[in-house]
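Visitor: Quick note on numbering that gives the first Met the number 0: the sequence shown kicks off at 0 and runs consecutively.
There may be inaccurate statements among the hints.
[Claimed, not checked] What follows is a list of derived Cβ distance ranges for each label pair:
(1) Ile9 <-> Val330: 31 to 41 Å
(2) Ile507 <-> Arg346: 15 to 25 Å
(3) Glu493 <-> Glu533: 24 to 34 Å
(4) Ser460 <-> Glu398: 18 to 28 Å
(5) Asp674 <-> Glu791: 55 to 65 Å
(6) Arg307 <-> Glu533: 47 to 57 Å
(7) Glu583 <-> Pro515: 39 to 49 Å
(8) Gly397 <-> Ser483: 19 to 29 Å
(9) Asp485 <-> Glu298: 52 to 62 Å
Simulated from the structure, these hints should not be mistaken for lab results. Values in this document were obtained by computation on a predicted structure and should not be read as measured data. Beta carbons are placed, not taken as given, at the ideal position from N, Cα and C, and that holds for glycine.
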Amino acid sequence: MRFELTPYTIPLFVSAGVAAIAAVLAWWKRSEPGARALTLYLVAVGVGCIAYALDISFVTPGAKFFWTRIAMVAMAVTGSAWIYFALQYTGREQWANRQTRLLLAVEPVVLTVAMFVPRLQPLVFTAPAESAVGPLSSANVEIGPLFIGHFVYITVTMFAATLLFVQLFLRARHLYRAQATAILIAALVPWGGVVVRSLGFAGNVDVSLFGWVFSGSAMALSLYLFRLIDPVPTAHTAIVEDMGDGILMLDRDGCIGDANPTARRLLATGDDSLTGTPIQDLFAKWDRIEQTGEDEWYEHAVTVDGDRRFLELQTSPFSDHHGRAIGELVVIRDVTDRTRREHQLTRYKTVFESVRDRVYVLDSDDRFTMVNEPLASLLGYEPADLVGEPFETVLPEGESPLSSTSTATPDGGVVELTVETRNGEALPCETRIAPISLDRGESGAVGVIRDISERKAVEQSLAETTDRLQTLVEASPLAIVGTSRDGTVEVWNEAAEETFGWAADEVIGDRLPIVPAAEGEQVLADRERVLGGEALTGIERRLQRADGSRIDASVSVAPVSDTAGEIHGVVAVIADVTERKERERKLRRQNERLDKFAGIVSHDLRNPLMVASGHLDLLEETGSQESIDHIRTAHRRIEQIIDDVLTLAREGRDIDDPQPVYMPTVVDRAWATTDTGNATLTIGDGLGTVDSDPSRLLELFENLFRNCVEHGGESVAVSVGSLDGQAGFYVADDGPGIPESDRDGVFETGFTTADDGTGFGLSIVQTVAEAHGWSVSITESESGGARFEFRES
Numbered sequence: 000m001r002f003e004l005t006p007y008t009i010p011l012f013v014s015a016g017v018a019a020i021a022a023v024l025a026w027w028k029r030s031e032p033g034a035r036a037l038t039l040y041l042v043a044v045g046v047g048c049i050a051y052a053l054d055i056s057f058v059t060p061g062a063k064f065f066w067t068r069i070a071m072v073a074m075a076v077t078g079s080a081w082i083y084f085a086l087q088y089t090g091r092e093q094w095a096n097r098q099t100r101l102l103l104a105v106e107p108v109v110l111t112v113a114m115f116v117p118r119l120q121p122l123v124f125t126a127p128a129e130s131a132v133g134p135l136s137s138a139n140v141e142i143g144p145l146f147i148g149h150f151v152y153i154t155v156t157m158f159a160a161t162l163l164f165v166q167l168f169l170r171a172r173h174l175y176r177a178q179a180t181a182i183l184i185a186a187l188v189p190w191g192g193v194v195v196r197s198l199g200f201a202g203n204v205d206v207s208l209f210g211w212v213f214s215g216s217a218m219a220l221s222l223y224l225f226r227l228i229d230p231v232p233t234a235h236t237a238i239v240e241d242m243g244d245g246i247l248m249l250d251r252d253g254c255i256g257d258a259n260p261t262a263r264r265l266l267a268t269g270d271d272s273l274t275g276t277p278i279q280d281l282f283a284k285w286d287r288i289e290q291t292g293e294d295e296w297y298e299h300a301v302t303v304d305g306d307r308r309f310l311e312l313q314t315s316p317f318s319d320h321h322g323r324a325i326g327e328l329v330v331i332r333d334v335t336d337r338t339r340r341e342h343q344l345t346r347y348k349t350v351f352e353s354v355r356d357r358v359y360v361l362d363s364d365d366r367f368t369m370v371n372e373p374l375a376s377l378l379g380y381e382p383a384d385l386v387g388e389p390f391e392t393v394l395p396e397g398e399s400p401l402s403s404t405s406t407a408t409p410d411g412g413v414v415e416l417t418v419e420t421r422n423g424e425a426l427p428c429e430t431r432i433a434p435i436s437l438d439r440g441e442s443g444a445v446g447v448i449r450d451i452s453e454r455k456a457v458e459q460s461l462a463e464t465t466d467r468l469q470t471l472v473e474a475s476p477l478a479i480v481g482t483s484r485d486g487t488v489e490v491w492n493e494a495a496e497e498t499f500g501w502a503a504d505e506v507i508g509d510r511l512p513i514v515p516a517a518e519g520e521q522v523l524a525d526r527e528r529v530l531g532g533e534a535l536t537g538i539e540r541r542l543q544r545a546d547g548s549r550i551d552a553s554v555s556v557a558p559v560s561d562t563a564g565e566i567h568g569v570v571a572v573i574a575d576v577t578e579r580k581e582r583e584r585k586l587r588r589q590n591e592r593l594d595k596f597a598g599i600v601s602h603d604l605r606n607p608l609m610v611a612s613g614h615l616d617l618l619e620e621t622g623s624q625e626s627i628d629h630i631r632t633a634h635r636r637i638e639q640i641i642d643d644v645l646t647l648a649r650e651g652r653d654i655d656d657p658q659p660v661y662m663p664t665v666v667d668r669a670w671a672t673t674d675t676g677n678a679t680l681t682i683g684d685g686l687g688t689v690d691s692d693p694s695r696l697l698e699l700f701e702n703l704f705r706n707c708v709e710h711g712g713e714s715v716a717v718s719v720g721s722l723d724g725q726a727g728f729y730v731a732d733d734g735p736g737i738p739e740s741d742r743d744g745v746f747e748t749g750f751t752t753a754d755d756g757t758g759f760g761l762s763i764v765q766t767v768a769e770a771h772g773w774s775v776s777i778t779e780s781e782s783g784g785a786r787f788e789f790r791e792s
């Protein structure tokens with residue numbers, strides 16, 4: 000093992016000694032932020048210097064390889080300790096934690112294991128076999144991936160630490176120019192060693208170690224002698240940044256060196272834009288503020304973003320560890336709320352002296368602290384007589400006392416009460432009371448009292464009128480219904496209950512239930528017209544009852560407005576005109592029947608009369624027996640028409656007293672009294688009881704059976720049954736049926752396809768059905784014949 004001194008061996012040992020002394024100094028101050036990390040850094044740098052000195056001095060490969068491994072591990076620890084020191088010193092305490100320490104220990108541990116485990120050594124590098132003087136790195140070394148990673152790690156940690164120190168320099172340069180510059184130089188010196196080696200000025204020797212020693216030693220010496228920058232960044236974060244008051248640090252030129260978040264908020268800057276700003280740019284009266292004593296506060300008004308704020312400022316100089324003045328500390332306190340309260344109290348006093356409203360102020364014990372002249376005059380007192388008295392003084396016996404704490408609301412809620420004047424007169428009043436802050440931060444309330452005697456009289460009159468109107472509504476024989484703008488029922492009198500079948504508590508608060516779907520669109524259009532201010536009178540609508548039945552109604556609708564003229568609802572007066580409409584329908588049917596009779600008399604009887612008259616003339620001339628037969632046939636036809644007309648007139652009368660009739664019995668009687676020949680009848684099982692006039696129902700079936708036989712033949716098959724799934728019945732046959740083109744006209748009086756028919760049979764059927772309130776329609780039966788269906792209309 001051969002050892003040869005090089006020009007760098009002695010300086011490296013000296014540097015190791017310097018690093019050891021600096022490490023002792025740093026450990027002596029280990030309670031300071033970053034001192035422990037700095038101690039580890041200096042120990043690692045010292046070990047690295049010794050290992051590197053032995054690396055470049057030993058000639059044998061084994062020795063060189065051993066000390067190279069020690070030097071690389073030491074440099075890995077140096078990089079980790081340097082970045083951790085930078086985090087602590089620059090105030091990044093949130094990153095200087097256990098997790099970060101474990102992360103920074105990974106690279107040194109991995110490198111150590113790889114360097115000292117033979118199988119893993121090639122991952123770092125492979126040493127040459129021949130001997131040489133100088134560092135092992137300058138020989139023909141095969142570099143592995145961990146060596147490259149180690150180089151990248153050292154470079155990244157160096158660069159990151161340098162960035163942290165540069166940021167500290169930029170932040171502190173206005174207030175601590177010399178100290179900040181010294182720290183920046185110390186942080187940049189190791190980079191100088193890298194530049195020197197890169198340019199080849201030191202050959203293959205790594206002179207950056209001298210820079211590392213210089214930087215660490217300078218930091219340790221400053222920490223021991225000068226505490227570096229005072230106050231240090233961590234103290235600044237813990238104290239200044241979290242203070243509730245605003246803090247500005249001024250340098251000797253009166254420029255802002257730093258500002259805490261509160262100061263930036265009060266001066267409306269959310270970033271570091273205050274740094275470097277002359278203080279006089281912010282406070283025009285700064286010269287006067289500086290003349291204020293250290294224990295005195297100066298109030299100053301500023302306008303920030305259009306908002307006027309009131310601030311109190313206190314200034315005090317501060318110096319460095321040599322006692323030299325290096326700047327000024329400005330404390331800013333926001334007193335806007337307090338100042339505004341003071342101004343508010345001043346305005347209150349002015350209001351009390353000038354307003355005509357009756358105003359008072361209560362303290363937290365509900366005692367008068369201020370009473371203006373109008374209120375005192377209303378109560379019959381002098382203002383001074385009421386100040387200091389409890390509010391209960393002006394309340395009659397038995398009146399609930401007013402509490403400023405429970406009654407006062409931010410929006411000035413209204414409370415009605417009765418006050419008693421000095422001579423014992425009771426006055427109905429209302430008061431609006433809102434909370435305020437009095438002097439010395441005490442709470443209280445300000446209130447306004449108004450005499451509402453006249454309003455109470457009007458309200459009483461309105462209440463009496465409302466009661467009368469309510470009585471009229473309830474006693475009205477007509478249904479009265481009121482709804483809001485959204486259609487919710489608000490009024491439903493007894494007549495409405497009787498008319499529609501719903502009780503008031505079933506409909507009030509819900510949508511109006513009386514409008515059937517078929518009338519919905521028209522009723523909605525009427526409602527929109529009324530909400531637009533139009534009143535509708537006597538409109539006729541079909542409305543719905545609770546049992547599902549419909550009534551004819553005459554409706555008058557008008558808008559409901561408040562005192563301001565705004566429409567907020569609709570009221571409708573509804574008259575049930577179902578009976579009147581039924582009478583009108585009856586009269587209309589009677590008139591239609593009269594028109595039919597007139598047509599029959601003028602047309603149907605005229606033809607056989609003309610035939611009889613013509614044959615009478617022929618009989619006089621010829622005496623022919625054939626003419627007598629024709630005259631006799633014409634007379635029989637006239638007689639048949641007269642019988643059918645009488646039947647039609649009789650069956651068309653309305654049925655006033657229907658009674659339950661068992662239909663199979665009526666069907667059998669009708670079949671028995673009709674000449675049906677060989678025809679057959681089938682009665683369905685579902686045919687039951689129907690409310691009708693028995694004689695007219697018998698007439699209906701007789702005419703239907705006669706029609707079936709006349710058109711279907713003597714062997715026609717007839718069936719009678721109930722309709723599937725609905726109320727009604729049918730009569731069907733298996734004859735030729737009725738063409739679809741003729742179905743609309745077969746019920747017309749006089750319609751017939753037989754030479755000797757009168758055309759009254761099916762007209763009588765329809766007339767009887769309508770008299771019962773039924774509708775009749777014609778379809779095709781299952782066997783292809785005619786099918787007559789009867790339903791309740």
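Visitor: So, for every hint listed, does it hold in this structure?
Guide: Hint-by-hint comparison with the structure:
1. Ile9 <-> Val330: 31 to 41 Å: For isoleucine 9 and valine 330 the Cβ distance comes to about 56 Å; the hint is violated.
2. Ile507 <-> Arg346: 15 to 25 Å: violated, 50 Å
3. Glu493 <-> Glu533: 24 to 34 Å: Holds: the Cβ-Cβ distance is about 28 Å, inside 24 to 34 Å.
4. Ser460 <-> Glu398: 18 to 28 Å: holds, 25 Å
5. Asp674 <-> Glu791: 55 to 65 Å: violated, 31 Å
6. Arg307 <-> Glu533: 47 to 57 Å: holds, 55 Å
7. Glu583 <-> Pro515: 39 to 49 Å: violated, 21 Å
8. Gly397 <-> Ser483: 19 to 29 Å: Because 39 Å falls outside the window, the suggested range is violated.
9. Asp485 <-> Glu298: 52 to 62 Å: holds, 57 Å
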